[in-house]
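Asker: Chains as they are written, first to last, in the numbering used here: chain A, 1 to 332; chain B, 1 to 332; chain C, 1 to 332; chain D, 1 to 332.
Since the hints were made in silico from the structure, they are not lab data. A portion of the hints provided could be inaccurate.
A pair holds if it fits inside one copy or across any two, identical chains being indistinguishable in the list.
[To be verified] Calculated lysine-lysine pairs in the DSS-like style (CA-CA distance at most 27 Å, straight line):
| # | residue 1 | residue 2 |
| --- | --- | --- |
| 1 | Lys247 | Lys12 |
| 2 | Lys145 | Lys325 |
| 3 | Lys155 | Lys145 |
| 4 | Lys75 | Lys210 |
| 5 | Lys210 | Lys32 |
| 6 | Lys75 | Lys95 |
| 7 | Lys71 | Lys155 |
Note that the structure is predicted; figures quoted are calculated from it, not measured.
Number of protein chains: 4
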Amino acid sequence: MSWFDKSIMARKGVAKGAALSRHEITEEVQGKYHYVYGAYVEPVLTVDPGAVVSSETHDAFEGAITSETDKPTEKLNFPYLNPQNGPIYVNGAEKGDCLAVYIESIVPRGPQPRGTTVIMPEFGGLVPTADTALLTAPLPETVRKVEVDVETGVKWNDRISLPYEPFIGTIGTAPEIEAISSLVPDYYGGNMDLPDVAPGAVVYLPVNTKGAYLYLGDCHAAQGDGELCGVAIEHPTVTTVRIDLIKGWTIAAPRLENDRFFMTIGSSRPMEDAARGAYRELIRWMAADFGFDEIDAYMLLTQCGRVRLGNMVDPKYTIGASVLKSIVGEPR
Amino acid sequence: MSWFDKSIMARKGVAKGAALSRHEITEEVQGKYHYVYGAYVEPVLTVDPGAVVSSETHDAFEGAITSETDKPTEKLNFPYLNPQNGPIYVNGAEKGDCLAVYIESIVPRGPQPRGTTVIMPEFGGLVPTADTALLTAPLPETVRKVEVDVETGVKWNDRISLPYEPFIGTIGTAPEIEAISSLVPDYYGGNMDLPDVAPGAVVYLPVNTKGAYLYLGDCHAAQGDGELCGVAIEHPTVTTVRIDLIKGWTIAAPRLENDRFFMTIGSSRPMEDAARGAYRELIRWMAADFGFDEIDAYMLLTQCGRVRLGNMVDPKYTIGASVLKSIVGEPR
Amino acid sequence: MSWFDKSIMARKGVAKGAALSRHEITEEVQGKYHYVYGAYVEPVLTVDPGAVVSSETHDAFEGAITSETDKPTEKLNFPYLNPQNGPIYVNGAEKGDCLAVYIESIVPRGPQPRGTTVIMPEFGGLVPTADTALLTAPLPETVRKVEVDVETGVKWNDRISLPYEPFIGTIGTAPEIEAISSLVPDYYGGNMDLPDVAPGAVVYLPVNTKGAYLYLGDCHAAQGDGELCGVAIEHPTVTTVRIDLIKGWTIAAPRLENDRFFMTIGSSRPMEDAARGAYRELIRWMAADFGFDEIDAYMLLTQCGRVRLGNMVDPKYTIGASVLKSIVGEPR
Amino acid sequence: MSWFDKSIMARKGVAKGAALSRHEITEEVQGKYHYVYGAYVEPVLTVDPGAVVSSETHDAFEGAITSETDKPTEKLNFPYLNPQNGPIYVNGAEKGDCLAVYIESIVPRGPQPRGTTVIMPEFGGLVPTADTALLTAPLPETVRKVEVDVETGVKWNDRISLPYEPFIGTIGTAPEIEAISSLVPDYYGGNMDLPDVAPGAVVYLPVNTKGAYLYLGDCHAAQGDGELCGVAIEHPTVTTVRIDLIKGWTIAAPRLENDRFFMTIGSSRPMEDAARGAYRELIRWMAADFGFDEIDAYMLLTQCGRVRLGNMVDPKYTIGASVLKSIVGEPR
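If we strip away everything but chain A, and leave its shape as in the complex, we get (with noise of 0.2 Å):
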């Protein structure tokens, strides 16, 4: 038995985590992507719980920067940024429910080299940004392609290859009534950066709306912690992610689980609050379902709790905090 089948997705799930039906959302089924996550548009697709769905994302600049000799500011067009699939509408969803999402895989698309990350003005981790608002001159526009394979990871120069890590840099679900640029990462997810959101984990995310409408986009073939420079190994993929939906579990933030720990996932500025809210919620879930007293939990994190920084460059900074399983069991 996989640890899955003991996770939380398995046991509390309307389809107990199965894999019922299967979906592709295809650049054709999509047809315009989304740059807001909101609840003002038509799903592209309706599912039960169960449902496979696999959807061919684009890159956070939807293909545009094609070439290292593209300027970014010439490419792009704010706010038309990060497009992302969806919404897909998920049948029994209701405010106050989770949404359980088993990312199965994320396979590279598209001609090489499909990797690319830029320096563009106002963005980024070490340069002044639209928040961190200074005089100083930005750094040159650079453009960096990349080739990208399952099997030899992201070539950065004849020297030094990474590892293909991918992850999905974006996803979440409509808040109630706001429609948020999907540059932003909140309580219903959305731009988290956060390497974790990979294949094998099993995602958390609030029901804030009948249906939930969950997006996706933004997949990255490697990350490091922070994404500094604002933009990771961005590449189009297919990402098949699995569907389940817990009734009656209301979570404030998105919640991660894999074989290994228990995250919660803060997302707000500056960092410290990321970190506070997160390790929050890490307690009170630890209180709520792991039987411990919330001084104990937090006690107890301050020894072994783990962070792990997703972003330090998007409009709210992403924090994961996380407990190994080995110490905390199983929660109830």
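Model the placement of chains B, C and D on the given structure of chain A, informed by the hints.
Answerer: Frame of chain A, contents of chains B, C and D only:
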């Protein structure tokens, strides 16, 4: 000739700042109030530049808190807070233009005690919040109802009365593709809670989408710098604004002009980023329109710039940076 | 009777706020100026409460920048910046007491142009710094020398003059066991760069160690809120303060009183923490000495509290929170 | 040949990383422990490069908390916390050099239960503090005493034990003219609370003043990322370090090397500034010593940089940014 005749609104507006037509948005006309800033709804009113619009605003709680024994957590239904009048569609407004809004008057309405302030869990400047997420227990829920009168002011208690110094807490245009909670301030305006947005001032707002979609609401009878506990003296009003349109004046964030100063407004987190954003825009404005070199403006504002803290409690903090007209003179 | 006769200093001070002796700290008496706040050096002067001390202060660069062609990076020798007069040992002062310092006058000295402001790398509110460490190139080093005169003010250029509004940029007591750079503001005072620390005000400082060890320096001829580029109009002065001692009044951070308001001063990062610290102390003060309930003070300051941004450029940001005397009355 | 033989310490150190002499700082030798990092005290030991020094460290409370019924607020006497061994004067060390400290071993000492963690008012990551000053009541004071053993680890309760993963919480050199509380981390090291500062690692520290004045203490038996409640598993130890000196290698902040990676360490507030500082130094290091162009290093770390959160509770937050040796190779 009053200062207004030399204002940017009067000099550059399509209607030259004149009052050319009059309109009312009564509660009846408004019907459903709005809780997001966006262009996904039908305008409640369409006007040409030069329109004077009087709106019956609700208080931030839409009148739900009527007694000091009310519990905010029982009476309020997040995210249906901070109800807004509008949107007002302005003919001729296009992305890249600027909306000029002269605030003519704010008059309280409704039965006494018509002023309300509250302490509620997870909200306020000196308590844990959803962003600054801590484990300590909240302060007790507290409601304070106070009499608000134009002449006698805000009666805090038998000993203390504050002058009636009303302003518009929330005003702005629709983002291009987003629909954002009216609790949030940002580049399009929104919940800035900045006391300078008061009768006698002109607010300049970026137009992000055709028609501009002007919203306003959340008028305060009095407020200190920072809106410390998160809730000013909220009260229902009739608020009258004159709307003009400046074609081709593209601004990155709200600006403000009154008889004494020019101000730029930044909303971000952490608070230093709000200050940075406001000051950088002021420098850019001085360089673009007042004949200053950027470095010279930077050094001069070091000696005479003024900072007003709007809010330190909303999802983004708001700061206004200003410079006296007596120092910089008139823009070209 | 002036407001000073009712001040806390006059009512509670050992010397009742009176001027009982006069002392001078000339450049010759001072000899070596100091660059840290601490008790590891010999006092330059020992006084009883009631002492009036006139100090010949240097500007923040100890006069090293004499021409607009000087390069700060060549002329300045970090950490030997922001030279301080003192320390002054105050007889009878013990940990837990409060030092009251009434600022009698600040008079410019030295040859014209005696005012200096500069832009230098890694320092300032709108550039990358050692703390906000970014990769973009610094602004060009720039020096501005300006004439400073009590009557005619600060002559910025042929068109713009600013009034002479001097204050003490850096003043405080020694920490108990630390010796901290005079570039830093904190709970003991230090480099607050807060324009309210001006002639006519009383500053209240915590005594952390026997004798208090009062330092002061870094007087500014003019400064805007935030001290944007990091360097106000620095100038050498004769600064005269009257020193009294309030036994047993233990305060957590500097406070200030003038004819109009009571203020508490917070220094921290991020900026919201400076604001939180200042406002919490003000609430505690109102609860301890003005007869307010803490919750009532919190709600009242929401409606009438005032915030002054001192600096947004030093290792800690400084904010003053104040309330009008006309609102809170006199403390017990 | 172990990795250490190729370490920077072994290649560049005056003693070539060798152990040339042995010394002990017992409690008796140490006598008075220290609570500030500075050069205002006499060294407890003077050594040449190549010295191996074993120190009897106290726990962060100097053993004052012996029972779970102790009240920290009664037992502890701020600022006399976090006692440090040293200072150790290193012959030949001058400002601009680098001290290399190889951590040979950490061995617990003292009677069981020798591990201590506590919750105390105004301290910790999820409570109001002196910096994040709020009005809500503190959590109850709580003391947890746990058995700590090299083999069996940290016994949290009957069900949960954590492995013994000791590291030095506080280590650094004296600032040039300051004397800073041992509770603070900064450019000279200090209270970083970073778990990578563990046996098997080399820490590189800036020398700011003649003799370097090395201090260390505050060893932890286990700690999660962020040291959430502010107090790890504190315990007394015998900690053995080997000290070497690299002449003329001027670094702006601590660096670290172990068998797997090179790390730079940033301490600042808000947390994003700690991350910025760490990553900028790593880029500068890669540019100076590993043959990278700065822009290339910036873009590469975006794909493979690693972030470790040390503390989110001290006066400055600490973050380590690292890159695998397998990616960047060896420095020149």
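Asker: Does each hint hold? Answer for all of them.
Answerer: Here is how each hint holds up against the structure:
1. In this assembly of identical chains, Lys247 and Lys12 lie within 27 Å of each other by CA distance solely inside one copy; the values are 8 Å within and 57 Å between copies.
2. Proximity of Lys145 and Lys325 under a CA criterion of 27 Å is satisfied inter-copy only: 24 Å between copies versus 39 Å inside one chain copy.
3. Proximity of Lys155 and Lys145 under a CA criterion of 27 Å is satisfied intra-copy only: 10 Å inside one chain copy versus 51 Å between copies.
4. Taking the closest pair of Cα atoms, Lys75 and Lys210 come within 27 Å of each other only across two copies (23 Å); inside a single copy the shortest separation is 37 Å, beyond that limit.
5. Taking CA atoms no more than 27 Å apart as the test, Lys210 paired with Lys32 passes in both settings, with 22 Å inside one copy and 21 Å between copies.
6. For the identical chains of this complex, Lys75 and Lys95 are inter-copy neighbours only, at 19 Å across copies versus 39 Å inside a copy, given an alpha-carbon limit of 27 Å.
7. For the homomeric pair Lys71 and Lys155, the shortest alpha-carbon distance inside one copy (22 Å) is at most 27 Å, but the shortest distance between copies (45 Å) is not.
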